[in-house]
Amino acid sequence: MRKIDCNAISEAVARLVIEANVFLPDDVLKALERGEREEESAVGKDIFRQIIKNNEIAASEGMPVCQDTGMAVIFVEIGNEVYIEGDLEKAINDGVRMGYRDGCLRKSIVNDPIKRVNTGDNTPAVIHYRFVRADHLKITVAPKGGGSENMSLVKMLKPADGKEGVRRLVLETVRAAGANPCPPIIVGIGLGGNFEKAALLAKEALLRPLDDRNPDPDIAAFEESLLEDINKLGIGPQGLGGRITALACKINTYPCHIASLPVGININCHVARHKSIEL
Amino acid sequence: MEIKTPLKDDVLERLRAGDRVFICGIIYTARDAAHARLFELLEKGEETPFPLEGQVIYYTGPAPAKAGWVIGSAGPTTSYRMDPYTPMLLKHGLKGMIGKGARSEEVKEAIRKYRAVYFAAVGGAAALISRSIKKAEIIAYPDLGTEAVRKIEVVNFPAIVINDIYGNDLYEEGVRAYQRLEF
Chain V
200 MRKIDCNAIS EAVARLVIEA NVFLPDDVLK ALERGEREEE SAVGKDIFRQ IIKNNEIAAS
260 EGMPVCQDTG MAVIFVEIGN EVYIEGDLEK AINDGVRMGY RDGCLRKSIV NDPIKRVNTG
320 DNTPAVIHYR FVRADHLKIT VAPKGGGSEN MSLVKMLKPA DGKEGVRRLV LETVRAAGAN
380 PCPPIIVGIG LGGNFEKAAL LAKEALLRPL DDRNPDPDIA AFEESLLEDI NKLGIGPQGL
440 GGRITALACK INTYPCHIAS LPVGININCH VARHKSIEL
Chain U
62 MEIKTPLKDD VLERLRAGDR VFICGIIYTA RDAAHARLFE LLEKGEETPF PLEGQVIYYT
122 GPAPAKAGWV IGSAGPTTSY RMDPYTPMLL KHGLKGMIGK GARSEEVKEA IRKYRAVYFA
182 AVGGAAALIS RSIKKAEIIA YPDLGTEAVR KIEVVNFPAI VINDIYGNDL YEEGVRAYQR
242 LEF
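Protein sequences appear in the order of chains V and U.
Residue numbering for the first sequence is 200 to 478, as defined by the working numbering.
Residue numbering for the second sequence is 62 to 244, as defined by the working numbering.
Quick caveat, the hints were computed from the structure, so don't treat them as lab data.
In this text, all values refer to a predicted model and were calculated from it rather than measured experimentally.
Ideal Cβ positions, reconstructed from N, Cα and C, are used throughout, including at glycine.
Hints may contain errors.
Covered stretches of chain U (in silico footprint by chain V; criterion: 3 or more residues with CB under 8 Å from a CB of chain V, positions within the stretch not fixed) [to be verified]:
1. 62-76
2. 119-126
3. 134-148
4. 161-169
5. 205-212
6. 228-236
As a list, the in silico DSS-like pairs of lysine-lysine whose alpha-carbon atoms are at most 27 Å apart [to be verified]:
7. Lys306/V x Lys196/U
8. Lys174/U x Lys105/U
9. Lys127/U x Lys306/V
10. Lys196/U x Lys252/V
11. Lys212/U x Lys306/V
12. Lys314/V x Lys174/U
13. Lys252/V x Lys174/U
14. Lys196/U x Lys105/U
15. Lys105/U x Lys306/V
One chain only, chain V, in its complex shape (with noise of 0.2 Å):
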C-alpha cells in the first residue's frame, strides 16, 4: 500500500488546471497546422493563422487560450494498491478552487441551474472515479467549455437504424451546431453502453491523442468516413464556410441491450484541453 497526502492532489489539481487552460496539447497545436495548410477558403485559412498566433500568444504570456476555462472535468484512475489519505472529492475541489484563483481562469460556475448564483471558484467539479489495479492514483484535467458542451446530445437509436442511422445523427448534429462549437472542433461519439455510458464514452473518446487510430479496424474506418462527411458539410472554420470543420472523429464503444443503440455526441472546440498526471 502507497500513502498519498490529500495535499499533494490539491496542488496536482491546481497545477493542472491551470496548465491545461494555457497550453493545448501537441496532438492539437500539429493538427490545427495542418489544417491551416489544408483549408481551401481564404477566410478560413487566416481563421486559422488568427488561432494558431492565439495558442502562441496564450503560452508566451501564460494566460488562458480562451476566456472560458470550462467546467473542470477530472478523471481519476485509483490504483488498489493506493491508500489515500483524507477527503478525496474534497481535495480535488480544493486543487480547482486554487487553480482557478492562481491562474487567473475565469469562474463559471453558478450554484443552482435555476437560481444560478455564481459560485466565484470555479467548484464544484465533475469527477468520474475509476478503480484500477496498480499501484498509482492517475488525475487527467479537462476543462469544458460551455459553447460546444451546449451542442452535444444523448440519443437512443433503434437497432434496425444501425451505422447509417449513427452517421445522419453524427451529421444534423455537426450541421445543426453550425459556428456555434467554435470550430475546427473535435467530434467524440459514445456508441454503445445505455443512456449514461453513451455520454461518457463520448467524453473519452475526446481524450483520445487526435493522431491515434482506433484499434478495432471497422470503428477506425467508420471514424475516418464520418470525419470526411463531416468535412463535407461546408461549415468550415469558425463557421464561415470551408473545408475543415472537424480536426478529428473519435468513437469509443461498449456492449449493449439488444433493444439499444444509444449514441453519445460530445463536440469540442478547437481548444481541446487535457493534462495528465501519475501521483
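Place chain U on chain V using the hints.
Only chain U this time, still in chain V's reference frame:
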C-alpha cells in the same frame, strides 16, 4: 476597414456581410445574466445602466486580469442565447453586436428592421483579442462576476460582418459555397 463606435448611419449603410473590420472606440460587454436584467429594465420602461443608442454590445465574459493587465482573455461567447432579449435591445437603439454563431429568424428580422449589424469575432482566440482592449471598467452588475457589464475601449478589435442591414447572412453564404454533401 476601420470603423468607429458609436455606429453611425453612413457606416451601417457601408457594411456588407463578409467585410472584415477593425473596431475602435467604446463598446460594452454583456452576456446571459446581464441581458436578462437589461431586458427586464426595458420592459418596465426604466433606464439601462448605459445608453443603447448607436452602441455596440460584445458578448463576452472575460477571464480575470493578471496583476498590471487591463483584462484577461476575452473572446466571444455563443450569441443565440441572447436571441430572446436582442429584438428589445435593437428596438431601443442598439446598433451592433459582437459574438459568434447564427442568430434566430426573429433577431435577423429585427437587425433588418432596426438597421443594425451583427459581427463575429474568432471564438477561442481570446488571448489575441484581449490585446485590442485598452481600458476596461465594470459599470453595472458587479455581483455577476465575469458576467458584469464592462465598458471597454478597443483599438482595432478584429471582427467580421455576419448580418448586415440588407438582410445578408455570411454563415449561410459561406457554408453554401463549400457544402459538398446532401443527406
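Do the hints match the structure? See the list:
Residues of the segment 62-76 of chain U lying with their CB closer than 8 Å to a CB of chain V number 0, which falls below the three-residue condition for coverage. Only when three residues or more bring their CB closer than 8 Å to a CB of chain V does the claim for the segment 119-126 of chain U stand; here the count is 6, and the claim holds. Closer than 8 Å: that is the beta-carbon criterion, and the segment 134-148 of chain U has 6 residues meeting it against chain V, so the requirement of 3 holds. Judged by the Cβ-Cβ criterion of 8 Å, the segment 161-169 of chain U is covered by chain V as claimed, because 3 of its residues qualify and three suffice.
Only residues whose beta carbon comes within less than 8 Å of a beta carbon in chain V count, and the segment 205-212 of chain U has 4; three or more means the coverage holds. With 5 residues having a Cβ less than 8 Å from any Cβ of chain V, the segment 228-236 of chain U passes the three-residue criterion, so the hint holds. Straight-line distance between C-alpha atoms of Lys306/V and Lys196/U comes to about 21 Å, which keeps the hinted pair within the 27 Å bound. Taking the CA atoms of Lys174/U and Lys105/U, the gap is near 23 Å; set against the 27 Å cutoff, the hint holds.
As the CA atoms of Lys127/U and Lys306/V are separated by approximately 14 Å, the hinted pair is consistent with the 27 Å bound. As the CA atoms of Lys196/U and Lys252/V are separated by approximately 22 Å, the hinted pair is consistent with the 27 Å bound. Restraint check for Lys212/U and Lys306/V: the C-alpha separation of about 20 Å stays at or below 27 Å, so the hint holds. Note on Lys314/V and Lys174/U: the hinted pairing is violated, with a Cα-Cα distance of about 34 Å set against a maximum of 27 Å.
Restraint check for Lys252/V and Lys174/U: not satisfied, since their Cα atoms lie roughly 38 Å apart, outside the 27 Å limit. Under the criterion of a C-alpha separation no larger than 27 Å, the hint pairing Lys196/U with Lys105/U is inconsistent with the structure, at around 32 Å. The suggested pairing of Lys105/U with Lys306/V is violated, with an alpha-carbon distance near 31 Å, which exceeds 27 Å.
The structure fails hints 1, 12, 13, 14, 15 (numbered hints given earlier, in ascending order).
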